[in-house]
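*Asks:* Given next are the chains, with one letter for each unit.
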Amino acid sequence: MRRVTTMASLVTVAALALAACGSGDEDTTEEESPATEETSGPAAEEPTDTATQEAAGDGSIPRPAACDGDTPYLAVALPNLTNPYYVAMQRGFEEAGAAAGFEVEVQIADDDDANQLAQVQAMLQKEPCALALNGVKSEPAAALVKAANDAGVPVFTVNVIVSPEALQAQDATIVQYLGADNTAGGAQVAEQVLADLGADAAIQIGFITEPDEVPVVLRDEGFKEAIAANPNAEVVAEVDGNVQPDVSLQATTELLQGNPDVTVLFASTGPATFGALQAVETLGRTDVKVYGFCASEEPLTEVYPGCVAQEPEDYGSRVVEQISNWLAGETPEPEILRPLKLFVTGETPAPGQVG
Amino acid sequence: MTRVRRMPEEVGIVAVLVLVAVVLSLFSPNFATLSNLQILLLNGAVIAFLALGQTFVLLTGGIDLSTGSNVAMTGVIAAVVMQTGLAWPLAALVAIAAGSTLGVINGVLVHYVRLPAFIVTFSTFGVAASIPQIITGASSITVTDRGFEVVGRGEVLLLPMPVVLVFVAAILLTVVLRLTATGVHIYAVGGNQEASRLAGVNIARTTVLVYAISGFCASIGGLIITSRLMVGYPSAGSGNELFFSIAAAVVGGVSLFGGIGSIPGALLGAILIATVSNGMNVIGVDSYWQPLVIGLIILGGVTLDTYRRRLSLSEAFARLGRAAPDHAGAQSPAPPQTSGDGAAPAAAGAPSDPTMRKEVNG
Chain W
0 MRRVTTMASL VTVAALALAA CGSGDEDTTE EESPATEETS GPAAEEPTDT
50 ATQEAAGDGS IPRPAACDGD TPYLAVALPN LTNPYYVAMQ RGFEEAGAAA
100 GFEVEVQIAD DDDANQLAQV QAMLQKEPCA LALNGVKSEP AAALVKAAND
150 AGVPVFTVNV IVSPEALQAQ DATIVQYLGA DNTAGGAQVA EQVLADLGAD
200 AAIQIGFITE PDEVPVVLRD EGFKEAIAAN PNAEVVAEVD GNVQPDVSLQ
250 ATTELLQGNP DVTVLFASTG PATFGALQAV ETLGRTDVKV YGFCASEEPL
300 TEVYPGCVAQ EPEDYGSRVV EQISNWLAGE TPEPEILRPL KLFVTGETPA
350 PGQVG
Chain X
0 MTRVRRMPEE VGIVAVLVLV AVVLSLFSPN FATLSNLQIL LLNGAVIAFL
50 ALGQTFVLLT GGIDLSTGSN VAMTGVIAAV VMQTGLAWPL AALVAIAAGS
100 TLGVINGVLV HYVRLPAFIV TFSTFGVAAS IPQIITGASS ITVTDRGFEV
150 VGRGEVLLLP MPVVLVFVAA ILLTVVLRLT ATGVHIYAVG GNQEASRLAG
200 VNIARTTVLV YAISGFCASI GGLIITSRLM VGYPSAGSGN ELFFSIAAAV
250 VGGVSLFGGI GSIPGALLGA ILIATVSNGM NVIGVDSYWQ PLVIGLIILG
300 GVTLDTYRRR LSLSEAFARL GRAAPDHAGA QSPAPPQTSG DGAAPAAAGA
350 PSDPTMRKEV NG
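Chains as they are written, first to last, in numbering that gives the first Met the number 0: chain W, 0 to 354; chain X, 0 to 361.
Bound conformation, chain X alone (with noise of 0.2 angstroms):
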């Protein structure tokens, strides 16, 4: 089998990270420091756990806008677990629990009610954002469990727990992706869903996979908010982190429409909006401005890419000895839902071509 990929996808948003990184430590000799590295990947780690599980949504062509809500949802059970005197260990699991099984009902609810992504999760945010308000009566649960410290102020060879179970997750869930026949399903089911049916490929499974998978990730996410603060606290998770992580993983080039994209880019993503909302912090911008510089850096951030995308599919289809049409997505061989890159419903469509899977997700 050959690799005819010219450069990794994830090369324009590694470019665009460091120009950012750049720009901001020339603002602030306080921004490019070792301790700095390490807030700033700490503070990021809950939209990185959130990202990567959306990605896995995502790639199936789904959306999962409960990820916030379960966030705060399983941070205050495993408070509230943990209150009742059990060990932490096992409120963990409960939260984790938890949090996955609100996953497999969005997946249960998407594939077998048929319902629109968006309407299931939209719904499951608003139970999962009120599950702890109910439980708590809205008030905060304080943790006494000294030992629950460790998931989120912990630090292994001076990388802070949270950045730790970050890369795990990030590794073992790229394993799944690139490695096992449940990954190749899962790019397939967001290619083209009935040509992967037809395939042979379990939609059920696969989609209620993702969702579970996108749930297990808020519920880290969860665990490591309750753990930093120790305390569960019933409106963590309702800020930006939703929006946030979506955007992570799109500027990392997961496609919105399925089928693209990867776990390392997701990650990228999720460093690239962490280092821009701590640098803004660490230089000292005024709030206000905040959102609108985070807008137009994703927004530059996913044009450059997406230039950078289009220029190497052409020549990929250069090389490929086709016609290279201008705009490559909507008008290539390939079948249509993406803009910008042709070649991974491609491969989707037709599981059996491996030398044009590896040039997407290799």
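One chain only, chain W, in its complex shape (with noise of 0.2 angstroms):
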């Protein structure tokens, strides 16, 4: 038994060392996260003394202490790094924030909500000047900025809207969201869909896309809206892709099995359009278009004659530029909407140019 212990134990010793080596290379400092958690509950209230007494009146939003130092900390919760859409993202905040002289620490929560909660405490625990925010899910998104509220830490949200009425309920306040355009993005991708197949063409359309998550919900919304132009076309099924590209390409498969007359398919994210491209080539359709968000550096073709992107590298660089705007005097817009770029046949959307 004692050799199993033994082992056992330097098992664990090994392990931390290969995290730590792991960890060393990068600015994430995830050997940390345990140990904070350990005591987030309590002390999560200490810091609200001492942030609140020093939030300068810059408006009602505070301002802690940490943001006048050498290099501001500044903490960013991501959802996942499966996606290569937080990726692109997660190198616009550590690039844009090292030039900008902050402190920058990136969290991913690989899409759990109660995990990310936890690492937004934990980063609370070690007093940012701001957070930066891209929920997990709109929802429970609300509780992690009453979280940073409570610390006195503004929250600039991107990308994921956080939930008004969630918000509301729980009396949080947001200082910004900056993100695409979604609706619009939605319609832009109808409009193409319109121009390729004409303004009054019988089309019979499926969605690929994942009810649970507010922005794709309204890019179904926008396409809806802009698709109605065209009395003849219809939005005859809607199956979950999950945003998983092995899953949209299932769910693909078994849409058309059900919808025969199905021509066009909406796909409104990056991983739902890979796998409605490959499970349009798995069925051999040939007269199958799939119109969507962008696949990660997908060329467009025949089959996918048109997608529109967005630029989450951009968007990081932009929230911290919003940061560094907000600390030398100007007043945050409360919503920013950049619009998204749309990609024909012919052309492939740059690394970090995704759905």
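The hints are simulated quantities; they were obtained by calculation from the structure and are not laboratory data.
Please note that the accuracy of each hint is not assured.
What the hints assert, rightly or not - With beta-carbon atoms standing in for the labels, derived distance ranges:
id : chain 1 : residue 1 : chain 2 : residue 2 : range
1  : X       : Arg177    : W       : Ala168    : 58 to 68 angstroms
2  : W       : Glu332    : X       : Val155    : 54 to 64 angstroms
3  : W       : Ala97     : X       : Leu85     : 31 to 41 angstroms
Said to hold, decoys possible - Covered by chain X, according to a simulated footprint, are these stretches of chain W (three or more residues, beta-carbon under 8 angstroms):
id : stretch
4  : 244 to 255
5  : 265 to 277
Said to hold, decoys possible - Pulled a few chain X residues facing chain W out of the computed Cβ check, cut under 10 angstroms:
id : residue
6  : Val230
7  : Gly238
8  : Tyr287
All C-beta atoms in this analysis are idealised placements derived from N, C-alpha and C, irrespective of residue type, glycine included.
Both chains are given apart, each in its own frame, so use the hints to dock them into the complex.
*Replies:* Quick look at the structure:
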């Protein structure tokens, strides 16, 4: 038994050492989070007093003391790194942050709301100047905003809109939302469909979507509103691709099986577009066109004649810029909506330009 | 040797499957078509592979939670190896070796370190989920070797290649389980480990083998997903695959407590789950309702099947001239551990009684 215990200890130590080495070459300080998480409960209240006491009279936005240090600490919470979108956004935050003189820490929640709350609480312990938040899901993210509000840390949200109702219910406030104009993006795609296929063509359309996420729902709504200009176009089926290429591939094959007359697919996320393209290829359906939000670096073809892309790296650096401007005395706009970039057959979105 | 079995173990699950298929085809004319059957089997192939491997582990009374992550790990390893310029069959072999090795590690930890399988495989679940993220920096790896498409997109006689692979694997694994001494040992270890050790079964070898088979099956799942998307994707297999594969085996009559179950049963369970999840998208059930419907069908299927088992078991006992207890398993003269069917542990505990064993897995 002693031998087993010794072996187990050695393995544990080795794993910790490996983890420490791994994080050495990145800015993320994941190894610190388990330690701080343990104390995050009661101690989370502590920074509140100091932060609110020192909140400067810059409108209603608190200004933590950390903002006036040599390298203000900027906490960034992102949902995952499996979507290349967030890899690009992380790069935007880190590069622009370093250039603007911030110490940037990016925490990745692996798509788990509770995990993200724990990570944000851990980062709030370290008294950041501001929190840049891309929530995992719209409603649960309000709790994170509330935690930051209580700690006197201003919250700049990016990409995923924190539900206004949830914010109101918890009496939480954000400084700014910056992201793509998702409704306009959906409409841009619909206009492209109408331009390609004709303003009065009879079209049956299938959606590969993610009904749990507000931005994706906005895209669907934008598409539906704009496609309504053609009374002969009809959305006949919607499946949940869960923003995963493998799930989207399966769901798309099933959508096309169930609705053989669908000839246009609207995939409202990049991974869904990729999965839908593979599905159309698998089924050998040359009569089906895939439109949507661009898959990463996927060239546009006859089958895939149009997509719109966000520029997440740009959003990351713009959020840093907004925070810098606020520190310099400007009043941040409550909402900044960035237009999307349209790609058509023959073009290829650059790395990071994804849906 | 006489066979005193009234009907095959799998009849109950087949009945549920037929019922579900009939109901689904009433809802949509596009469900019961040949092309949808292809799609259904194709989309269920990965879960079927995981269920086949899981069956071996469950038969010994263990559980393997690492298979979903193993899919991601092996899929990414295959893509990375191909990126270095190696031919795809070699890359596939490397991925299979990696997946099987993870299984061997599971088996060694379970047997020699004597940790619960749940904990061991939960830990390696985390390890295997991290490895592809670390290797790729969490981005996707595109596969450029078009030859690799044959694994996920090829066809043999109208059947998609992944489906062919599932059937070939199912036949081979059934042979192992039914016709070899190793198969008898696997049932024996799950039925009563101490008794089988005393009977001379090599527990260590058997335990390591079943986890290795599970790892092997997961690696084939990884190859299929990577080939279907032609991208090594570090969060592949992180969705419902693990849960569905365990559910498939259990719905197919494999006991979570070891010693009972068969490969055809697990395969039918996987087909049932594939049918339900395919059918719901084909007929257009709102995605919010889908997990609820799947949950209820699994529950209903297992309940029906358990009911059927209890009936036939009482009859079997009556035939043997013993008193048939109302609640068979737990009160039967066979060693405990299981509910619903006492025959397999009896067979396992006393491998010298071939009649009893045949009754269960014959």
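*Asks:* None of the hints should be skipped; say for each whether it holds.
*Replies:* Each hint tested on the structure:
Separation of Arg177(X) from Ala168(W) is about 60 angstroms and conforms to the stated range, judged on CB atoms against 58 to 68 angstroms. Taken as a hint, the range 54 to 64 angstroms holds for the pair Glu332(W) and Val155(X), whose Cβ atoms sit roughly 60 angstroms apart. The hint said 31 to 41 angstroms for the Cβ distance between Ala97(W) and Leu85(X), and at roughly 38 angstroms that hint holds. Coverage of the stretch 244 to 255 of chain W by chain X holds. Counting CB-CB distances below 8 angstroms, 9 residues qualify, and the rule asks for three or more.
Note: the stretch 265 to 277 of chain W has 3 residues with beta-carbon separation from chain X under 8 angstroms; the three-residue rule is met and the coverage holds. Taking 10 angstroms as the C-beta cut-off, the interface hint given for Val230(X) holds, the closest approach to chain W being about 7 angstroms. Of the supplied interface hints, the one on Gly238(X) holds, with its beta-carbon coming within about 6 angstroms of a beta-carbon of chain W, less than 10 angstroms. For Tyr287(X), the interface hint holds, since its Cβ comes within 10 angstroms of a Cβ in chain W; the closest pair sits about 7 angstroms apart.
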